[in-house]
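Q: Okay, here's what each chain looks like letter by letter:
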Amino acid sequence: MALRVVSVLKRRLGGPGQKLLRSGNLLSATQHRWEKMPSSVGFPVTSRRSFSKTALIVDVDHNLGIATMKMNNPPVNSLSLELLTNFVIDLEKLENEKRCRGLIITSASPKIFSAGLDITEMYGKSSAHYAEFWKAVQELWLKLYMSNMVVIAAINGSSPAGGCLISLAGDYRIMADNPKYTIGLNETLLGIVAPFWFKDTLVNTIGNRASEHALQLGLLFSPTDALRVGIVDQVVPEDKVQDTALNVMSRWLSIPDHARQLTKTMMRKPTVDRLLKQREADIKNFVSFISRDSIQKSLHMYMKHLKERKE
Amino acid sequence: MALRVVSVLKRRLGGPGQKLLRSGNLLSATQHRWEKMPSSVGFPVTSRRSFSKTALIVDVDHNLGIATMKMNNPPVNSLSLELLTNFVIDLEKLENEKRCRGLIITSASPKIFSAGLDITEMYGKSSAHYAEFWKAVQELWLKLYMSNMVVIAAINGSSPAGGCLISLAGDYRIMADNPKYTIGLNETLLGIVAPFWFKDTLVNTIGNRASEHALQLGLLFSPTDALRVGIVDQVVPEDKVQDTALNVMSRWLSIPDHARQLTKTMMRKPTVDRLLKQREADIKNFVSFISRDSIQKSLHMYMKHLKERKE
Amino acid sequence: MALRVVSVLKRRLGGPGQKLLRSGNLLSATQHRWEKMPSSVGFPVTSRRSFSKTALIVDVDHNLGIATMKMNNPPVNSLSLELLTNFVIDLEKLENEKRCRGLIITSASPKIFSAGLDITEMYGKSSAHYAEFWKAVQELWLKLYMSNMVVIAAINGSSPAGGCLISLAGDYRIMADNPKYTIGLNETLLGIVAPFWFKDTLVNTIGNRASEHALQLGLLFSPTDALRVGIVDQVVPEDKVQDTALNVMSRWLSIPDHARQLTKTMMRKPTVDRLLKQREADIKNFVSFISRDSIQKSLHMYMKHLKERKE
Numbered sequence: 001m002a003l004r005v006v007s008v009l010k011r012r013l014g015g016p017g018q019k020l021l022r023s024g025n026l027l028s029a030t031q032h033r034w035e036k037m038p039s040s041v042g043f044p045v046t047s048r049r050s051f052s053k054t055a056l057i058v059d060v061d062h063n064l065g066i067a068t069m070k071m072n073n074p075p076v077n078s079l080s081l082e083l084l085t086n087f088v089i090d091l092e093k094l095e096n097e098k099r100c101r102g103l104i105i106t107s108a109s110p111k112i113f114s115a116g117l118d119i120t121e122m123y124g125k126s127s128a129h130y131a132e133f134w135k136a137v138q139e140l141w142l143k144l145y146m147s148n149m150v151v152i153a154a155i156n157g158s159s160p161a162g163g164c165l166i167s168l169a170g171d172y173r174i175m176a177d178n179p180k181y182t183i184g185l186n187e188t189l190l191g192i193v194a195p196f197w198f199k200d201t202l203v204n205t206i207g208n209r210a211s212e213h214a215l216q217l218g219l220l221f222s223p224t225d226a227l228r229v230g231i232v233d234q235v236v237p238e239d240k241v242q243d244t245a246l247n248v249m250s251r252w253l254s255i256p257d258h259a260r261q262l263t264k265t266m267m268r269k270p271t272v273d274r275l276l277k278q279r280e281a282d283i284k285n286f287v288s289f290i291s292r293d294s295i296q297k298s299l300h301m302y303m304k305h306l307k308e309r310k311e
Numbered sequence: 001m002a003l004r005v006v007s008v009l010k011r012r013l014g015g016p017g018q019k020l021l022r023s024g025n026l027l028s029a030t031q032h033r034w035e036k037m038p039s040s041v042g043f044p045v046t047s048r049r050s051f052s053k054t055a056l057i058v059d060v061d062h063n064l065g066i067a068t069m070k071m072n073n074p075p076v077n078s079l080s081l082e083l084l085t086n087f088v089i090d091l092e093k094l095e096n097e098k099r100c101r102g103l104i105i106t107s108a109s110p111k112i113f114s115a116g117l118d119i120t121e122m123y124g125k126s127s128a129h130y131a132e133f134w135k136a137v138q139e140l141w142l143k144l145y146m147s148n149m150v151v152i153a154a155i156n157g158s159s160p161a162g163g164c165l166i167s168l169a170g171d172y173r174i175m176a177d178n179p180k181y182t183i184g185l186n187e188t189l190l191g192i193v194a195p196f197w198f199k200d201t202l203v204n205t206i207g208n209r210a211s212e213h214a215l216q217l218g219l220l221f222s223p224t225d226a227l228r229v230g231i232v233d234q235v236v237p238e239d240k241v242q243d244t245a246l247n248v249m250s251r252w253l254s255i256p257d258h259a260r261q262l263t264k265t266m267m268r269k270p271t272v273d274r275l276l277k278q279r280e281a282d283i284k285n286f287v288s289f290i291s292r293d294s295i296q297k298s299l300h301m302y303m304k305h306l307k308e309r310k311e
Numbered sequence: 001m002a003l004r005v006v007s008v009l010k011r012r013l014g015g016p017g018q019k020l021l022r023s024g025n026l027l028s029a030t031q032h033r034w035e036k037m038p039s040s041v042g043f044p045v046t047s048r049r050s051f052s053k054t055a056l057i058v059d060v061d062h063n064l065g066i067a068t069m070k071m072n073n074p075p076v077n078s079l080s081l082e083l084l085t086n087f088v089i090d091l092e093k094l095e096n097e098k099r100c101r102g103l104i105i106t107s108a109s110p111k112i113f114s115a116g117l118d119i120t121e122m123y124g125k126s127s128a129h130y131a132e133f134w135k136a137v138q139e140l141w142l143k144l145y146m147s148n149m150v151v152i153a154a155i156n157g158s159s160p161a162g163g164c165l166i167s168l169a170g171d172y173r174i175m176a177d178n179p180k181y182t183i184g185l186n187e188t189l190l191g192i193v194a195p196f197w198f199k200d201t202l203v204n205t206i207g208n209r210a211s212e213h214a215l216q217l218g219l220l221f222s223p224t225d226a227l228r229v230g231i232v233d234q235v236v237p238e239d240k241v242q243d244t245a246l247n248v249m250s251r252w253l254s255i256p257d258h259a260r261q262l263t264k265t266m267m268r269k270p271t272v273d274r275l276l277k278q279r280e281a282d283i284k285n286f287v288s289f290i291s292r293d294s295i296q297k298s299l300h301m302y303m304k305h306l307k308e309r310k311e
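Residue numbers (UniProt numbering), protein chains in the order written: chain A, 1 to 311; chain B, 1 to 311; chain C, 1 to 311.
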């Protein structure tokens, strides 16, 4: 059992964290922040410690060198601006802990890994808000896809759109063998388009043709189909997902870190560079696209549909 | 049953259509042409209408929003300059009909989808003719590969070389389960080389290694093997090909057009741009290659072989 | 049975061959050398002849137009600088023999195809030596990957790292169905990183995701797994490897050479150009990487481990 030390600091970051995104350089800003925070340095040397905040529960097992991050934003782990911001901050923090070599990402909610980007962040807000939100989405992907840690997605529930992106950004994907769960980039179903770097990440994983097919139709795959097409690497019984993740992780951690990290960088850097070269243009594209009347109308209809279904 | 309104206009285009290809810009030229033709606007508002001409039979079902184009150039649906020209004109016309959202391409001849490029257009003609022919081949691929419509190939017969290219340029491929039928880019068997954009289209569909293997050996795949390697998406009994195409089409048409089209463009534009950047050079390459004595001799032998087999 | 004419000349090349690599242009230098050697022109017109030297046994069957090259550098066919140099020279020689259209690469040692690059060439030597060695590795890959001959790897034993690279550089791979044999780019297990062109060759063969997975973990595949992932094309009983190679070769040789060669070039040139554009930088990278204390220590440990296992 993990000992959970609730970090009050992290909770307080909800507000300021958002502001950090507005500054030119998220990375240096947040890093600076953490450096000044006394509690972020020198964790009590217990064999295991953890911190939690509103929406993310992070446990670090220092003996194993493995962190587990549970998304805990009920009911569906929507990726709100606040969650994204904290996700990035936690990643940076773990990245800087030398003893932490692997990260398992999973969900604290039964049945749902993550429903993806929070639609309320994309509806009826200002252009500045859309830009801030999009920058945070980019940042999370950049951090996850190039993490020096071994990142394993323990997909214990449905994982559409942004949830799928988080899974794809890892090094290995294990999904619960429950035919009710699905995974995929289903953006076209909502009348929107997956950005090019979502597409690149999918193509890198399942190849060009399968991606074209899946993206055009907004396919959501059952675990069996996801395994067949290569969106996930392994499908196991629901109660074995976490154990399997730990077993797979120990295999990956048996490889010398430095050689593995250089290899990962060699494979992924060209894809990441494509976004970095046009990051501002990508934000502008998103803001302009999402602000269209037709898209706002689509999102409104979709939210109404979701609400009605709930009632 | 479709009501077929024979379009006399289209038939008359055989000659002028070829000339259009000589002008600098085929696209704007033919578009202009159609805009001025009264019959191309305001079709009688029947639930279904069709037009045919020498070698292409086009039916449009306005209720479903689906056009069916049957290649009808016996005995083997060779892609002559005239057929290519009319194919492009028909595509543009359908592309401009807002109610037409999907296109099924199939063959009116039993046993053969299309035998590919018409060899007589590549043998014993002038350089100008070769250039005109090649430009038309490029044009057809550019139009098909980037069509805003959902394009499904209902492959009801053999589909080598150029026939395979037409299939690959669509969004989905359904092939008749007849082991006598084959599909593939078999250019090397004739001593010639598939151009780089044929290769790119194949690589985008079945990946690099399978393409290298198939292209070097000029492999013609049985339906079962084509499905296994990914050249086609589905193999069904011969009498189910058209029905399956309609069923699959209705699935694709359930996706919002705009999001689907943007996604398709995102996937395919880089490949198309590669040809657009060096289109003239590609034509020159083709003309110079096909004019070689050795290649002309190869083609002569092949035509003689075909003729003898027929007798 | 092949008649083996031992070429004394080749044996004598051991020393000078190494020096040739130091000259600016290996290709023109060695070509020049061979042109001046009388015995390299006008082989006795027997139906079959062969030559051997310390580490490579080459048989040419002029009737079939097929050369067989057996690596014969016991105990594990390590790719020493001398072997690499002679390998390149033999390849050039065969490339220039018009009647030789196909090459089968295999091992004269039971159980091992090749253990890969000779670690003793990378440990405790001068920077100049490392640079010379790396240039020879590049040269072999460049020659093999772009060979005008059909190159088939008859993998009759384990084939890690550089051995795997040689296999991947061919056109077709047949592996003996012995579960004790493995194949793969396992560099990370030694704490080193496969260079980008090793990676490119693997990605071209098995795709991006499988490569990322295999390279990060340094996976060594059993024949069955290698077939499943696509590292090899065929797995056959151990005593059928050579016969299968000959059968497959006759299929490939039925394709007109010129068309096949142009197709191969079209597929592979972009990958080769990537190395050619930064060949010197790649050598510098290697020298700087391999000279690091940490890497030298890793290699020392590994060599010690190998030695202890032997004793």
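A couple of the hints might just be wrong.
Since the list can't tell identical chains apart, any single copy or any two copies may satisfy a pair.
[What the hints assert, rightly or not] Each computed DSS-like pair below joins lysine-lysine, with the alpha-carbon atoms no more than 27 Å apart:
hint	residue 1	residue 2
1	98	297
2	93	297
3	135	310
4	199	143
5	307	277
6	277	310
7	297	310
8	269	111
9	143	284
10	297	240
11	143	98
12	70	111
13	125	180
14	180	199
15	240	125
16	269	135
17	297	277
18	284	307
19	310	93
20	135	180
21	269	310
Quick caveat, the hints were computed from the structure, so don't treat them as lab data.
Q: Tell me the numbers of any earlier hints that the structure contravenes, in ascending order.
A: Hints 2, 3, 5, 6, 8, 10, 13, 15, 17, 18, 19, 20 and 21 are the ones this structure does not satisfy, whereas the remaining hints hold.
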